Amino acid sequence: MMLIPCPWCGPRNETEFHYGGQADVSYPADPQAVSDVDWARFLFFRANTKGIFTERWNHQAGCRRWFTVRRDTTTNEIFHDDSHEAVTR
Amino acid sequence: MTGEYRLADGGRIDRDRPVRFRFDGHDYEGCAGDTLASALLANGVHQVGTSIRYGRPRGIAAAGPEEPNALVQIEEPFPEPMLTATTVELRDGLVASGLPGQGRLATEPDPARYDAINAHCDVLVVGAGPAGLAAARSAARSGARVIVADADTEFGGSLLGTRDELDQAPAWRWIDRVTSELQASPDVTVLPRTTVFGCYDDNYLVAVEHRGEDAFTRQRAWHIRAREIVLATGSHERPLVFPGNDRPGTMLASSARTYLHRYGVLPGRRAVVFTTNDSAYAAAVDLHDAGVEIAAVVDVRPVATTVWTARCVERGIRILTNCAVTGTSGADRVSGAQVSSLPSGDAAPAELDCDLLLVSGGWNPAVHLHSQARGTVRYSEELGALVPDRTPRGVRTVGAAAGTFTTAECLRAGSEAGSDAAREAGFHADVAEVPGSPSGPVTPPQPIWLLPGLSADSDDEQFVDLARDATVADVRKAVGAGMSSVEHIKRFTTIGTAHDQGKTSGLLSSGVIAELLGVEVAEVGATTFRPPYAPVAFAALAGRDRGDLYDPIRVTAMHDWHLEQDCPFENVGQWKRPWYYPQPGEDMESAVLRECHAVRTGVGMQDVSTLGKIDVQGPDAAEFLDLVYTNKMSTLRVGRIRYGVMCHADGMVFDDGTVMRTGEHRYLVSTTSGGAAGVLEWLEDWLQTEWPHLRVHLTSVTEQWATIALAGPRSREVLARVTSDIDLTNDAFPFMSWTDGTVAGSGARVCRISFSGELAFEINVPWWHGRQVWEALHRAGSEFGITPYGTETMHVLRAEKGFPIVGQDTDGTVTPHDLGMGWAVSKKKDDFLGMRSFSREDTARSDRKHLVGLLPPAGSAVVPEGTQLVDSTELPAPPVPMLGHITSSYRSAALDRPFALALVKSGRDRIGQTIYGHVGDELVPVEITEPVFYDKEGNRRDG
Ligand SMILES: [Zn+2]
Numbered sequence: 797m798m799l800i801p802c803p804w805c806g807p808r809n810e811t812e813f814h815y816g817g818q819a820d821v822s823y824p825a826d827p828q829a830v831s832d833v834d835w836a837r838f839l840f841f842r843a844n845t846k847g848i849f850t851e852r853w854n855h856q857a858g859c860r861r862w863f864t865v866r867r868d869t870t871t872n873e874i875f876h877d878d879s880h881e882a883v884t885r
Numbered sequence: 005m006t007g008e009y010r011l012a013d014g015g016r017i018d019r020d021r022p023v024r025f026r027f028d029g030h031d032y033e034g035c036a037g038d039t040l041a042s043a044l045l046a047n048g049v050h051q052v053g054t055s056i057r058y059g060r061p062r063g064i065a066a067a068g069p070e071e072p073n074a075l076v077q078i079e080e081p082f083p084e085p086m087l088t089a090t091t092v093e094l095r096d097g098l099v100a101s102g103l104p105g106q107g108r109l110a111t112e113p114d115p116a117r118y119d120a121i122n123a124h125c126d127v128l129v130v131g132a133g134p135a136g137l138a139a140a141r142s143a144a145r146s147g148a149r150v151i152v153a154d155a156d157t158e159f160g161g162s163l164l165g166t167r168d169e170l171d172q173a174p175a176w177r178w179i180d181r182v183t184s185e186l187q188a189s190p191d192v193t194v195l196p197r198t199t200v201f202g203c204y205d206d207n208y209l210v211a212v213e214h215r216g217e218d219a220f221t222r223q224r225a226w227h228i229r230a231r232e233i234v235l236a237t238g239s240h241e242r243p244l245v246f247p248g249n250d251r252p253g254t255m256l257a258s259s260a261r262t263y264l265h266r267y268g269v270l271p272g273r274r275a276v277v278f279t280t281n282d283s284a285y286a287a288a289v290d291l292h293d294a295g296v297e298i299a300a301v302v303d304v305r306p307v308a309t310t311v312w313t314a315r316c317v318e319r320g321i322r323i324l325t326n327c328a329v330t331g332t333s334g335a336d337r338v339s340g341a342q343v344s345s346l347p348s349g350d351a352a353p354a355e356l357d358c359d360l361l362l363v364s365g366g367w368n369p370a371v372h373l374h375s376q377a378r379g380t381v382r383y384s385e386e387l388g389a390l391v392p393d394r395t396p397r398g399v400r401t402v403g404a405a406a407g408t409f410t411t412a413e414c415l416r417a418g419s420e421a422g423s424d425a426a427r428e429a430g431f432h433a434d435v436a437e438v439p440g441s442p443s444g445p446v447t448p449p450q451p452i453w454l455l456p457g458l459s460a461d462s463d464d465e466q467f468v469d470l471a472r473d474a475t476v477a478d479v480r481k482a483v484g485a486g487m488s489s490v491e492h493i494k495r496f497t498t499i500g501t502a503h504d505q506g507k508t509s510g511l512l513s514s515g516v517i518a519e520l521l522g523v524e525v526a527e528v529g530a531t532t533f534r535p536p537y538a539p540v541a542f543a544a545l546a547g548r549d550r551g552d553l554y555d556p557i558r559v560t561a562m563h564d565w566h567l568e569q570d571c572p573f574e575n576v577g578q579w580k581r582p583w584y585y586p587q588p589g590e591d592m593e594s595a596v597l598r599e600c601h602a603v604r605t606g607v608g609m610q611d612v613s614t615l616g617k618i619d620v621q622g623p624d625a626a627e628f629l630d631l632v633y634t635n636k637m638s639t640l641r642v643g644r645i646r647y648g649v650m651c652h653a654d655g656m657v658f659d660d661g662t663v664m665r666t667g668e669h670r671y672l673v674s675t676t677s678g679g680a681a682g683v684l685e686w687l688e689d690w691l692q693t694e695w696p697h698l699r700v701h702l703t704s705v706t707e708q709w710a711t712i713a714l715a716g717p718r719s720r721e722v723l724a725r726v727t728s729d730i731d732l733t734n735d736a737f738p739f740m741s742w743t744d745g746t747v748a749g750s751g752a753r754v755c756r757i758s759f760s761g762e763l764a765f766e767i768n769v770p771w772w773h774g775r776q777v778w779e780a781l782h783r784a785g786s787e788f789g790i791t792p793y794g795t796e797t798m799h800v801l802r803a804e805k806g807f808p809i810v811g812q813d814t815d816g817t818v819t820p821h822d823l824g825m826g827w828a829v830s831k832k833k834d835d836f837l838g839m840r841s842f843s844r845e846d847t848a849r850s851d852r853k854h855l856v857g858l859l860p861p862a863g864s865a866v867v868p869e870g871t872q873l874v875d876s877t878e879l880p881a882p883p884v885p886m887l888g889h890i891t892s893s894y895r896s897a898a899l900d901r902p903f904a905l906a907l908v909k910s911g912r913d914r915i916g917q918t919i920y921g922h923v924g925d926e927l928v929p930v931e932i933t934e935p936v937f938y939d940k941e942g943n944r945r946d947g
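Chains A and B supply the protein sequences, listed in that same order.
Whatever position you read off the first sequence (first residue = 1), add 796 for the working numbering.
Whatever position you read off the second sequence (first residue = 1), add 4 for the working numbering.
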């Protein structure tokens, strides 16, 4: 049971959160201008990092805030740094 | 007298409180404070059961949770299988029997209660032996919130099984003093009988407390979040591998000492002690002093430790160094041990008579929780054991669990760890003083895994895992088959997979593997230490979350009314929705036909409160909804309603519903009942992370509105009876519009929407007026034969109109175009979620699966949902080309025949063709049709 730091609510049990996958995958500014290949890359390709991974979580059973954390996928350790302040996709 | 092997005095049992119990059909007497094992031994009973594969007699081998053999089935007070006799507290009226490695679950319901508690602490101390108690005291004195848990019935750990002294007084005095101090500290929770069985992420530990048969709750699961952890989990003595090492009467040396000192029981009259280290000498000396004849101490080392040699000489105990036990004899109980000299074993073996064979192969630190906490272990050549190597932040492993084996060192390390943990948790903590403990010089053990010079014939009598009946022969077979990984060999031989999870056999098997492969033990390593550390009853894990409390349920404002009709419910997420309302003598099919007929010809009513509702507010609400719906919502006028489809960015439909514009900057969006939470999360995602510039706020209002669908050609007449301020004519109140008014005395928002194709109204009232308005409508409709209907009828009626249900007729691979809903996809917007994907090659291809109608022959049976569709009257050899599958299938009252919806490859281009459904062994012909079966022109919606 990980303890996940919600930027609004503080550390809460993992069961209150919903996972949102890799962070910083931006929606293209003009999707119509993107090639089929690049669009498929945006839709379907995600990193599967072993080690420190920047990822999104949603405090679904709490304040509904989406936020980004850096987590080591081998130890589940979450790194506390400024990235909690930046709400980026 | 509580057994002929019970001493007249000594031990921590209460001889004035005899306890009667029954084992394998015989009545015995023990004492309060006994375990089932100690009481059996006091009565001279060693054999408890037989082994799982070979049916060999097996006895009590240990005194704690590491016991591999003595499995029992409890019959009274309540049937419980697979407990170890060494951990069952004796109680009056206990009835138990021995087990051959497999138990039997109770057939009657368990009358006991189980519960769970969430706890938070600054410092959790696991284990209350010398190290744990010292740690708890240091931490507690700092004012930190401390939890100290130990599996045993009383604190003290290994000290309970010795006659060691602390500060020149019996150790129990110090134990009592520290325990009292902890109990008196307001911020300390003292938990005996509590096994911490799992350590999970971020110092989340789960324990089970055995509260006793008479407690309000029999067992309690503790979910503990600790800032800092001290693991003082002790160690387990390791047995030795030699021929006949499984005979009852063979026991770990320290366990025999525990039976003597803690329970006042002599586990035999004449003992042979077989050891690789010093610790067994204490058992030999103590048992001798209590009146047990020690036939010999057999030590594999060439030289015994001076101090122990002196003590043995004093008592006339013979020491045979450089020797090993190489065989045993006896039928149901050991009666003799063969001793040979090492290394070759060529000296003529001597046979020593005995009724007790004590063994000690060294000590395994209990690194289970350390390892679960992601600490690493390494093999220590010096100790012949796995010891903690790296320890993660927030965790410290101390005492015997860290490979520290003198009491003085355990006390010191524990006290330091307790104060360190408290300091890390933010408290000012000193290292509490520890009592003086005598300790002499220790000679290193000489780990031995396989005795040299034995014939391979004896392999299948040399047991590595007693619980699994796995022998050296089994390991040899695995190695011979080419296996070298301990994980593979574990699964091949099943070593370490029994109830004890290899507490005594784990490292032993690594040692045997290393010997057979000719490599170092460190190279072989050990298998993973997974939770639970000790077996846990499912009842304890379930706690109160069973029966009605298993999962929360959500009910509507009209739920009690539905209950009064005795209708069956359909589970939609956590919602309970009426499925159909059977009248006396009706089955589901006849009830649904009646309900459908009523809606098509008269009037029906349905509770649709469970549909998700999201209030969307803000100056940019229109722009936002244009981005998330496939169709345009900004052009919707206030007072009007539009059906909308939501797609993921991949262009696949994931929810649908109606959108009402309730103001210039405000919409009320409805979602599917099961999809509401997911839709809200999805919308928040885009608002917060991609379009934070949009000034929009979302609020779930699902539970603020009670909603009633009133459907059928007579619905307008019914509604007219309970409202006077709404003009219900088509001109004043057209299809897909809404208006506010009063219905049955309650403020109401009434919509002209229809999911059946009939004239229909959706009446939204504040939740707390739901039942009253429902009943008023039911009364007003009585002269029209108003018929309440459930989800099944709703499904049939919408299917007759070809309306898909997201999640039933779609599965995440279906676009709006696949559904024939191109009309709901805007061509005027610059962008919306899913738009770009509609021009992807795969999404744009013409042979995608389309939602179509299917008609089986009139008069035939309903074709089951999920039926696979093929093109031919006979199945070709696999792989069979598949056309698609049936997504919805019902009997229609209006059409008087079965019909279905299906996803069929190029379906819209094949209308009129016949394909086949594979049902059982048959291929049923079905004709492909348009998905709309009833009132294609939409003439009925205005009444
Ligand atoms: Zn939050």
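Please keep in mind that the hints were generated in silico from the structure rather than gathered at the bench.
Only a predicted model underlies this, so the values are computations on that prediction, with no experimental measurement involved.
Any given hint could turn out to be false.
Ranges between beta-carbon positions, derived for each pair [to be verified]: (1) C805(A) x D119(B): 51 to 61 angstroms; (2) M797(A) x A314(B): 50 to 60 angstroms; (3) L698(B) x M797(A): 54 to 64 angstroms; (4) G816(B) x G847(A): 49 to 59 angstroms.
Straight line, CA to CA, 20 angstroms or less: simulated DMTMM-like cross-link-like pairs of lysine to aspartate or glutamate [stated by the list, open to error]: (5) K831(B) x E845(B); (6) K831(B) x D826(A); (7) K846(A) x D205(B); (8) K853(B) x D875(B); (9) K832(B) x D570(B); (10) K833(B) x D826(A); (11) K580(B) x D570(B); (12) K909(B) x D939(B); (13) K909(B) x D946(B); (14) K832(B) x D826(A); (15) K940(B) x D913(B); (16) K805(B) x E627(B); (17) K636(B) x D826(A); (18) K833(B) x E627(B); (19) K909(B) x E869(B); (20) K846(A) x E869(B); (21) K833(B) x E694(B); (22) K909(B) x E845(B).
Glycine is no exception: its CB is placed at the ideal position from the N, C-alpha and C atoms.
Hint check:
At roughly 27 angstroms, the beta-carbon separation of C805(A) and D119(B) lies outside the given 51 to 61 angstroms, and the hint is violated. Between M797(A) and A314(B) the C-beta distance comes to about 54 angstroms, which sits within the given range of 50 to 60 angstroms. Take L698(B) and M797(A): their Cβ atoms lie about 35 angstroms apart, and the range 54 to 64 angstroms is violated. Taking the beta carbon of each, G816(B) and G847(A) are about 30 angstroms apart, not inside 49 to 59 angstroms as hinted.
Between K831(B) and E845(B) the CA atoms are separated by roughly 19 angstroms; this keeps the pair inside 20 angstroms, and the hint holds. The hinted pair formed by K831(B) and D826(A) meets the criterion: a straight-line CA distance of about 16 angstroms does not exceed 20 angstroms. Taking the CA atoms of K846(A) and D205(B), the gap is about 17 angstroms. The hint holds against a cut of 20 angstroms. At most 20 angstroms may separate the alpha-carbon atoms for a hinted pair to count; K853(B) and D875(B) meet this at roughly 14 angstroms.
Between K832(B) and D570(B) the alpha-carbon distance is near 50 angstroms, which puts this suggested pair outside the 20 angstroms criterion. A hinted pair counts as satisfied when its Cα atoms are at most 20 angstroms apart, and K833(B) with D826(A) qualifies at roughly 13 angstroms. Pair hint K580(B) plus D570(B) holds up; C-alpha atoms about 13 angstroms apart against a cutoff of 20 angstroms. For a cut-off of 20 angstroms, the pair hint linking K909(B) to D939(B) is broken: about 26 angstroms separates their Cα positions.
Annotation: proposed proximity of K909(B) to D946(B) is violated, straight-line Cα distance about 35 angstroms (limit 20 angstroms). Straight-line distance between C-alpha atoms of K832(B) and D826(A) comes to about 16 angstroms, which keeps the hinted pair within the 20 angstroms bound. Taking the CA atoms of K940(B) and D913(B), the gap is near 19 angstroms; set against the 20 angstroms cutoff, the hint holds. Only pairs whose Cα atoms come within 20 angstroms are accepted, and K805(B) paired with E627(B) is rejected, the gap being roughly 31 angstroms.
Taken as a hint, the K636(B) and D826(A) pair is honoured in the structure, with Cα atoms around 19 angstroms apart against an allowance of 20 angstroms. At roughly 11 angstroms between alpha-carbon atoms, K833(B) and E627(B) fall within 20 angstroms of each other, so this suggested pair holds. A threshold of 20 angstroms between alpha carbons decides the hint, and for K909(B) with E869(B) the separation of about 17 angstroms falls inside it, so the pair holds. The hinted pair formed by K846(A) and E869(B) fails the criterion: a straight-line CA distance of about 42 angstroms is larger than 20 angstroms.
Restraint check: the Cα-Cα separation between K833(B) and E694(B) comes to about 18 angstroms, which is no more than 20 angstroms; the hinted pair holds. Between K909(B) and E845(B), the direct Cα distance comes to roughly 16 angstroms. Compliance with the 20 angstroms bound is thereby established for this hinted pair.
Against the hints set out earlier in the document, violations occur for numbers 1, 3, 4, 9, 12, 13, 16, 20.
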